[in-house]
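Q: Bring the two chains, given one by one in their own frames, into a single complex with the hints.
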Amino acid sequence: MQHNRRRFLRSSGGLSLLPLMAAAGLLPAAATAEEWNRAAFASRNMDDFLKLMGGNAPQQSDQVTLNGPEIAENGAVVSLEISSNLPNTESIFILIEKNPDVLAGTFTIPSGTLPDIQTHVKMAQTCNVYALVKSKGMFYYSAKEIKVTVGGCGG
Amino acid sequence: MPNPIKVRTTLDGDVALIRILISHPMETGLRKDADGNLVPAHFIQLLTVTYGDRTVLSAQWGRAISRNPYLAFKFNGATRGGKLKITWTDNRGDTQTGEAII
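Line by line, the protein sequences are chains A and B. Residue numbers in the first sequence follow this note's numbering, run continuously in steps of one, and reach 621 at the last position. Residue numbers in the second sequence follow this note's numbering, run continuously in steps of one, and reach 1256 at the last position.
Some hints could be false.
[What the hints assert, rightly or not] Some chain A residues close to chain B (C-beta under 7 Å, calculated; not the full set): (1) Leu516; (2) Gly520; (3) Glu539; (4) Leu569; (5) Gly571; (6) Gly578; (7) Thr579; (8) Asp582; (9) Ile583; (10) Gln584; (11) His586; (12) Val587; (13) Lys588; (14) Thr592; (15) Cys593.
Please keep in mind that the hints were generated in silico from the structure rather than gathered at the bench. Since we're looking at a predicted model, the values are computed, not measured. Where a beta carbon is used, it is the ideal one built from N, C-alpha and C, also for glycine.
Isolated chain B (complex conformation) (with noise of 0.2 Å):
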């Protein structure tokens, strides 16, 4: 089991700053090793993020979003005690589901 996704959350009025930090190689499939093989792609794909029964974000991502991945975003409507949910899935079709409280 990898490390969990990590989550901060900050409530301003109703509005809530997410900071989600994954742990993830996002290997591009360029990168070659110490001994010069090319390191399969290995990168997360889908991300969706969910207050309640609501979707308050989702992306799609490439190879080019960085090692352990780092999103930001903010959205309405949330209040103290609101449960979060952050799931990935990644082109190996591994996924994961993190949880917060706000």
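Pulled out of the complex, with its shape left as it was, chain A reads as follows (with noise of 0.2 Å):
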């Protein structure tokens, strides 16, 4: 019942009135030119993430690097600092092992930009994390354990 329900609004009204808002300026820029990619979000772990990534199992490597605290006392602001040497560096995508959503950002390096960004993220509690780089369509990572005294998401 509730699948066909899902389907007849996906196949009737929902999702074919997306082009129509756009042309009409109803809908953000952003939304047009991109889609978040809602499935890799909803990843439970890092299996479920990288079977929908799809490519080779991703290999560790040191020419991807992953800074943050040996310690944040503070889950919900986790510093992080990842870079890559690896030639054409295409993105980088932030992976907590421990976190509701495995997922925590992904970041689109086009040529001109170098592949070295920092943020912040929330960590639930204390696990690896991963920084995964695709480059020429094969993945490398590098992990850290990071020790959280508090965690960050349900506060």
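A: Listed below in structure tokens is the structure:
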């Protein structure tokens, strides 16, 4: 029942309205240019995420650098810096092993932009953080365990 | 209107270091308010930074990016006086654009 209703909504009204709305200027420009990857952000663990991404099994690489604190006293604000020395680094993914959603963010690096980013993330508990990098269609990563004193998801 | 997007730029040769601070609650949907009710998820999903007509960074964010998101990155080919534009869109469809001059 639920299923049919969803399928009906999908095929009839919902999605087909989007291009019309975009044409009429009702949607923000960014939403038409790029779609948020709902499925990737719904990944509950590393395996799910990697299956979704396809490609090779990621290889650990010392060309990917992940800097962060050894101990994060406040899991709500954990400062990370990720950089890559791999040629043609196309994108950077931040994955937090034991968060409710394993994927925290993805960053697309066009040519001319350096594969070196800093941001702040929330961590629910002590676990491994993975900096995953896509270069020439292949995945490479660097991992670091960050200890969390007070988790930053539920609050 | 929320607070403007704060941008700091530093130019080293033709490499620009861009630091961005956005004012946004980034609610996960897991937090409870003082009355014990869940606060609905409210977070930035898409972010694009353009320099002139060139996209220098695009990002997709989940709920795990911290409140009042911070982002720093670098790109080549920047000159003093160049115009930077930062646009985000959140899960409610709200959007905001900020501009800065290098």
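Q: Each hint should be assessed against the structure and marked as holding or not.
A: Quick rundown of the hints versus the structure:
no. : hint   : verdict
1   : Leu516 : violated (16 Å)
2   : Gly520 : violated (17 Å)
3   : Glu539 : violated (14 Å)
4   : Leu569 : holds (6 Å)
5   : Gly571 : holds (5 Å)
6   : Gly578 : holds (5 Å)
7   : Thr579 : holds (4 Å)
8   : Asp582 : holds (6 Å)
9   : Ile583 : holds (5 Å)
10  : Gln584 : holds (4 Å)
11  : His586 : holds (4 Å)
12  : Val587 : holds (5 Å)
13  : Lys588 : holds (5 Å)
14  : Thr592 : violated (15 Å)
15  : Cys593 : violated (12 Å)
Checked against the numbered hints given earlier, this structure breaks hints 1, 2, 3, 14, 15; the rest are met.
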